[in-house]
Amino acid sequence: GNSVTQMEGPVTLSEEAFLTINCTYTATGYPSLFWYVQYPGEGLQLLLKATKADDKGSNKGFEATYRKETTSFHLEKGSVQVSDSAVYFCALLNTGGFKTIFGAGTRLFVKA
Amino acid sequence: EPEVTQTPSHQVTQMGQEVILRCVPISNHLYFYWYRQILGQKVEFLVSFYNNEISEKSEIFDDQFSVERPDGSNFTLKIRSTKLEDSAMYFCASSDRLTQYFGPGTRLTVL
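As you go down the protein sequences, you meet chains E and P in turn. First residue of the first sequence: 174, per my numbering; consecutive thereafter. First residue of the second sequence: 3, per my numbering; consecutive thereafter.
This is chain P alone, in the form it adopts within the complex (with noise of 0.2 Å):
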């Protein structure tokens, strides 16, 4: 069965410094969105991507967040500066438009 995957597992990183996250999507699918998960917390919307561009974000989403998709197959999350307070677990998920299908993370630590 298809699913989506992400790398890595785990990224530790200084605060400050650039991270990218990377996702491959369900090849047939179009739409990509990317969420976080604060340890024993709600699953938050951070954006949704289609047709290469961004179709919705949230308030999260600020200018330190952005998304690209570089070539057919990865879709990635940049954080520019990262902040103690982006530590995180965080979901890519793509859709048929109907569900939502989600990876397995990458959990995001921030020192």
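With the rest of the complex left out, here is chain E (with noise of 0.2 Å):
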């Protein structure tokens, strides 16, 4: 079945340190990909997407490149601000599907 496995956290950064949160998933077909932000109290805001191999998402410095090769979209930013502080939800959406599913998310912590 679908899956999507990402790193534990949490991930405790400095500001302007570069972040890597790893994201890999399982999937029959050709899937879309998506990082999800979700800030303390809040709900789910969609940060980026790619929705083909070797696309690349990018969105607020962030940025996912879809590897089919690898299975992956790793998340990245150059360098993160204290305001990046929250949990980071990598997910995918089959083809044809209609639900979503979702990593286990990464709390980031920037510490000023």
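Read the hints as simulated data drawn from the structure, not as lab findings. Careful, some of the hints might be misleading.
[To be verified] Quick list of in silico lysine to aspartate or glutamate cross-link-like pairs, EDC-like style, CA-CA up to 20 Å:
| no. | chain 1 | residue 1 | chain 2 | residue 2 |
| --- | --- | --- | --- | --- |
| 1 | E | Lys233 | P | Glu3 |
| 2 | E | Lys284 | E | Glu181 |
| 3 | E | Lys225 | P | Asp98 |
| 4 | E | Lys222 | P | Glu5 |
| 5 | P | Lys44 | E | Glu215 |
| 6 | E | Lys222 | P | Glu3 |
| 7 | E | Lys222 | E | Glu188 |
| 8 | E | Lys222 | P | Asp98 |
[Claimed, not checked] To be clear about the criterion: a stretch of chain E counts as covered by chain P if any three or more of its residues have a C-beta under 8 Å from a C-beta of chain P, and this derived list gives those stretches:
| no. | segment |
| --- | --- |
| 9 | 203–212 |
| 10 | 218–229 |
| 11 | 272–279 |
By construction, the Cβ of each residue, glycine as well, lies at the ideal position given by its N, Cα and C atoms.
Now that you have both chains on their own, put them together as the hints suggest.
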């Protein structure tokens, strides 16, 4: 079946550090891939997405590239800010599917 | 930018009571969903809804749960007889088939 695995947290970084959150997936067909972010006390916000292999999604300085050969969609940011502290969820939506499959989430703490 | 809205933001209820969680999806979307997130855990799919019927549901979505689109704008989740383990954040989502957009959630607390 379809599944998403992402690195366990929490991840603690200092401001301006480089961020990588690893995400790998298992899916039949050709899924679309997403990163959602959940700030403290809030809902799920779409951060970025990629719909086919080699696509790069980007938003607010975050990037992720859809790698079919490694079934990965790692999230990166060159310089994190305190305001990036949140839980990040990797997710997939399979072709013709009705449900988004989420990873377990990775909590990020950024210290000033 | 259009967004999914949910009411109430927080609902407290006694075990055994019925609750209805309400959602207003993005206006031109045709696919609607409910998910839940038990505190500190994964976001789990409950049900999807299209063309006035359930498209897919998970094993969590048992006979205690039902969904309805009572008019052209609202999408509701009803839990008939709440249990303690129904305490969670419930997210509504709507999609244009390519991407699902989530509401801010309703936190349900069952006492």
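Non-conforming hints, listed in increasing numerical order: Violated hint: only 7; rest satisfied.
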